[in-house]
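Residue numbers (my numbering), protein chains in the order written: chain A, 27 to 421; chain B, 3 to 323; chain C, 1364 to 1480.
If you are wondering where the hints come from, they were derived from the structure by calculation, not from laboratory data. Just so it is clear, the structure is predicted and the values come from calculations on it, not from any experiment. You may find that some hints are simply not true.
Stated by the list, open to error - Taking lysine-lysine pairs in the DSS-like style, the calculated list, with each CA pair at most 25 Å apart, reads:
1) C:1383 with A:222
2) C:1383 with A:215
3) A:202 with A:222
4) A:232 with A:263
5) C:1383 with B:64
6) A:232 with A:215
7) A:232 with B:78
8) C:1429 with B:36
9) C:1366 with A:232
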Amino acid sequence: MTPRKDTVGRKTTSIPVGPQHPALKEPESFTFEIDGETIVDVIPRLGYVHRGIEKAMESRTYIQNLYLAERICGICSHSHTTCYAQGVEELLDVKIPDRANFIRVIIAELERIHSHMLWLGVAAHEIGFDTLFMHSWLDRELVMDLLELISGNRVNYAMNTIGGVRRNISDDGGQKVKDSLADVEERMKHYVEVIKTDQSIRQRTKNIGPLNCTPAADLCAAGPTLRASGIARDVRKDDPYAAYGEIPFDVISYDGCDLFSRTLVRCEEILEAIKITDYAIDNLPEGAIRVRAARKVPEGRVVSRLEAPRGELIHYCKSNGTDTPERYKVRAPTLANVLALGNMLIGGNVADIPIVLAGIDPCFSCMDRMAFVDTKSDKRWTWTQEDLQRYALKC
Amino acid sequence: MLDTVVIPLVMFLIFPGVAFLLAMAFFLEWIDRKTVARIQRRYGPLHTGPSGILQPFADFLKLLQKEDIIPTGVDKKVFILAPILISALPLTALFLIPFAGPSALVWFEGDLFLIMFIFTLIVLVVFLAGYCTTSRFSVIGSSRAALQMLGYEIPMGLAMIGPALLAGSLSISGIGQWQMDNGIWTVLLQPLGFAILVTCMLAELEFVPFDIPEAETEIVGGWRTEYGGRKLALLKLGHDLELVLASALITALYLGGAQQIWIIPSIFVFLAKMLLVTLLFSLLRAVFARMSIAQMLSGMWKYMVPLAIIQILLIQLGIGG
Amino acid sequence: MVKMIRNAISFLFQGPATRKYPYEKSEVPEGFRGPPTWDIERCTGCGICARVCPVDAIEVERTDEKIVVTYHLDRCTFCSQCEESCPRDVIRMSKEFELADFDREKMTTEYVQDRTD
């Protein structure tokens, strides 16, 4: 234990959370300065799962990159390929068939359902509620099975291709999806009830990890984290892509600005996603599922964005007329949300660290393509000279 | 010779002494793990012995043969002594519980106080066990354990005094005897005290919602972080024995103790009741989220202490007494 | 809390939902993407599969005597792009899913077509 003095001169203890820590499902380091049980400072260090994907994409063809983009994230794999394919299709000036757009929406919403259920389980585990964790993951299996049924794989669906989707959804398959989702809906309603009424969950989430409306917008928080701070911002509604323009749905937002709201936003988004999926299956247009696309992409630049389960996902692609991109850049939602963590954590309790960290639904392997991009914008997040030197020496 | 040496020796070492209590410890851990697993729709222990009944024992043996590490910078004496004390203290307390028949192996007027003292002592040793190491997780865990004790110790003591006031005896065997003589279970007269004791025992056992000192997602292993091998085996055994102690104590104080029902021998009745209490613990620890230490302390002082005092007042007023 | 307890008790008697995996295996659905297999007699050795493979898991070698397709399971990501790109539908994704091994050598499969006749 190294007693350190914080800015006001109090002696503090530093607790490392990560790179290896039970509260984190992926390696990332946060050093907490604590005074008794109160957090006075938090120093993040990003970049532990940097895998050089962007660089690797520059040396592969557009078709091969589909599968690399899919592996940026293990949970929102479909979001990354959709975003990638959308961008490349725009460069190629290809319009994909309506049916393909609807199938993309169905997979995207199924992915949102299982991603949010996964989050519910992780969050429950962080507050020590292992039964809820097991139960929600049990129900998540229903959705995973559906995805396996449609795409042939539980995690990396590989449904998208440039110019459409690769597999069709049969009427029979659509019916199975609807039947299973009816069960999921019933269970989800039960969970919403439990979360709203259970005293022990309320105690651990109400007014914990506060992130008010203004700082949330200033720090560019995204997705459910932002929507739980009362700002109903959703790419699906604001800038409709795929078939979202043709499907009626509501953007869920709560203005509690705390973990409780973040939980409710995610749970009700699942219910909304079930409605979207049902609608998309009922109104699935007939026709082809893909069009042919050229192998070589004309010179150009494109920014493509969509609403991943964790928030707004942005891909940037610069092409140069060959069959490989010249530059590729991914901004995952976690990078947008990690800035807000400082606001949520400082002044809070040690006991709340895991659940607040989990509250933004962090996906560090998504995020870690460039280390600490914007961290200097907020003073509390600046690295010390010492840290920078240490980092410089290590690299 | 037989009467003075052999029989007492057998009683102390085998039944209802050390061997029996250890077997009970492993058995109750199995019951607890299996119940929680079933509530979470898992199998739980499965392969070691029929339905995995030997799993806790196998875990114990495995830990025994692991490398024994003493990290640098720890206070060696405390570090070595703490696991021994943590497993020995509940075992000592268990000799005071009347498992079979009206009186325990050891009993005297006032042994209820000894039990309370041992409960406090266990937490003190836990505190030292964590505090003697250099790991910050251990230090935070142990200070949480001590803080938590400040919360539940008083309501727990008051809830144990309830049956004593009723029976007019400060001995656990005496309280059991009184319930047998009057043919009534204390829980029916003092349900409030029973609820308080169960809650406090959850805290003493560091079960959810009171597993704050070893909250895995916050402070890794809590006060146990630095322990491994033989020492961890003893710590886990100590915890199992504490589970036996908690369920046996609740049975003896509130659920009528070891009475004979029809032709079923009293020991089996006692074990069945203990099993029920363990099931209650398992059920409760499966349906809560962990509290934070501040919530736990304020909850205990705001609700549990006043309720415990009200229970004592009710007894004094002759209601349920 | 009451809801959770009621749910917990009902689950207590429903039995486990998990499978005793190595003893009870699950059925994979139709269209599952396992490792690809080659119907090598119909292969023309065009090498498109090797070219599109994002992870270089396939090597195709064509001589006058034979066509050799070498498939590296340890590199494969089961994306099934090879199946999709094959002009003669030679490649099919199998339903295997227990693929781990201690020996990397065993991860390579060779398909050989004899062209001498």
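Contradicted hints - numbers only: Structure breaks hints 1, 2, 3, 4, 7, 8.
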